[in-house]
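Residue numbers (our numbering), protein chains in the order written: chain U, 1 to 286; chain R, 1001 to 1107.
Think of the hints as simulated: they come from the structure by calculation, not from any bench. From the three backbone atoms N, C-alpha and C, an ideal C-beta is built for every residue, glycine too. Hints may contain errors.
To be verified - Simulated restraints, written as ranges between beta carbons of each label pair:
| id | chain 1 | residue 1 | chain 2 | residue 2 | range |
| --- | --- | --- | --- | --- | --- |
| 1 | U | Glu86 | R | Arg1035 | 36 to 42 Å |
| 2 | R | Arg1052 | U | Leu142 | 34 to 40 Å |
| 3 | R | Glu1078 | U | Gly251 | 41 to 47 Å |
| 4 | U | Asn186 | R | Thr1065 | 54 to 60 Å |
| 5 | U | Thr195 | R | Arg1035 | 31 to 37 Å |
| 6 | R | Thr1072 | U | Gly111 | 50 to 56 Å |
| 7 | R | Tyr1043 | U | Thr193 | 34 to 40 Å |
| 8 | R | Thr1072 | U | Ala59 | 44 to 50 Å |
| 9 | U | Arg147 | R | Gln1057 | 43 to 49 Å |
| 10 | R | Ser1051 | U | Asp123 | 17 to 23 Å |
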Amino acid sequence: MSALRIWGPRLIWLVLWALIGCGRDSPASVAKQSLADRLDALGPRVVLVYVDLSASVPATVWDRPLLRLATELSPGDRVVLYPIHERAPDGPLLDTLIAGSGADRLSATLGLSTRESRRRHQDATEALGSALATAAHGARALARVPRTAIIDAVCHAATVAQSTTTGGDVVAVMMTDGIEESQYANTALQAPTVTHAIALARRLRSRGVCATKGAWPRIRIVGVRHASDTPSLIRWWLALLGALGYTAALGDVSTYPLGPILGDGGSGARVARDPGPGGSRPHAGS
Amino acid sequence: MRVLILPTFYAHHLELSVSGRLSLCTATQVAQLLRLAHCYYRYPLVNLELSRATTSQHAADVLRTAIQSERTHGLRIELTATVQARALLEARCVSPSSAITRRIGFP
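All chains, please: the whole structure from these sequences, using the hints.
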């Protein structure tokens, strides 16, 4: 009888917790999912950067975003720089990696790095930023492209993301003014409307362009601006990506001046501030 | 002197350029990158460029061990270094086959 008195309430609590924990949207499963998401966010990323080299974009406009992107990276992240040409890029301009182990990455993310490792990481990101900018300048000097096929670059990113087998988060950063001038559309001449974007997406899918079946990379379109109507251009891109099967949020398409380039939740811990022209150097991991 | 490691992935090889004075920590990072080449290439080849780097004895020991270990695991490493660094790195890099040959007394 005394055993029943002791074990009875415990059994009821056990059943209750089991019921709470087994629910699909229960607090326990949500917490578990959140923990899994956090752990995924700690894994090394593959960052595909596409820079617009068209004549309509000034030569040095991507220097600061590239430097800023470099400061947002963590040890172990791989960065691949591609040009945005009149067709899908043939090969990368630069394919590199921030040196460091998983322990370095965790320390940088949690802000536990020593001053020495922070300095080393800072040197590495600065070198990477300037290497990215140099590669972009070199590519621009070789070919000034009259047309800008951003859609081809987006589709290329989707193809690369599907063939990436490392299992980490894949982010595609499109550094472009967002003005598509290709065989598919010309938003410099034609007003970018949502109807036009949906019709274009339908046409692309019927041609087999961008007919992705796997997971999309996380897409960030940075630097979008239109001479007369930037909001309509942003709506055009959101509608086009949505109709192609990728759900983009408004925050994923940014105008100038820039917010965080990678824009993930964890980046706040990794980026201190925008370095600014001639400003003090940012401290990664602080 | 700032130490910079800039790995660059090419279609068939990884180019690893190091400049500055290598510390123990940097040598460990280079060793990690050498190991990483196995993940990205089917027939991994690393072009290790150390001609603008100076190295301490301890860092050279770490690097030498890493190079030796990775070579036994099938990684091809093409080393470009100053005469002094090369001497430090390759002085005792003995391939396993030649080590066995020496031990059992063959010429």
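For each hint, the structure was consulted:
{"no.": "1", "hint": "Glu86(U) with Arg1035(R): 36 to 42 Å", "in the structure": "holds (40 Å)"}
{"no.": "2", "hint": "Arg1052(R) with Leu142(U): 34 to 40 Å", "in the structure": "violated (26 Å)"}
{"no.": "3", "hint": "Glu1078(R) with Gly251(U): 41 to 47 Å", "in the structure": "holds (45 Å)"}
{"no.": "4", "hint": "Asn186(U) with Thr1065(R): 54 to 60 Å", "in the structure": "holds (59 Å)"}
{"no.": "5", "hint": "Thr195(U) with Arg1035(R): 31 to 37 Å", "in the structure": "violated (53 Å)"}
{"no.": "6", "hint": "Thr1072(R) with Gly111(U): 50 to 56 Å", "in the structure": "violated (39 Å)"}
{"no.": "7", "hint": "Tyr1043(R) with Thr193(U): 34 to 40 Å", "in the structure": "violated (51 Å)"}
{"no.": "8", "hint": "Thr1072(R) with Ala59(U): 44 to 50 Å", "in the structure": "holds (48 Å)"}
{"no.": "9", "hint": "Arg147(U) with Gln1057(R): 43 to 49 Å", "in the structure": "violated (57 Å)"}
{"no.": "10", "hint": "Ser1051(R) with Asp123(U): 17 to 23 Å", "in the structure": "holds (19 Å)"}
Checked against the numbered hints above, the structure violates hints 2, 5, 6, 7 and 9; every other hint is satisfied.
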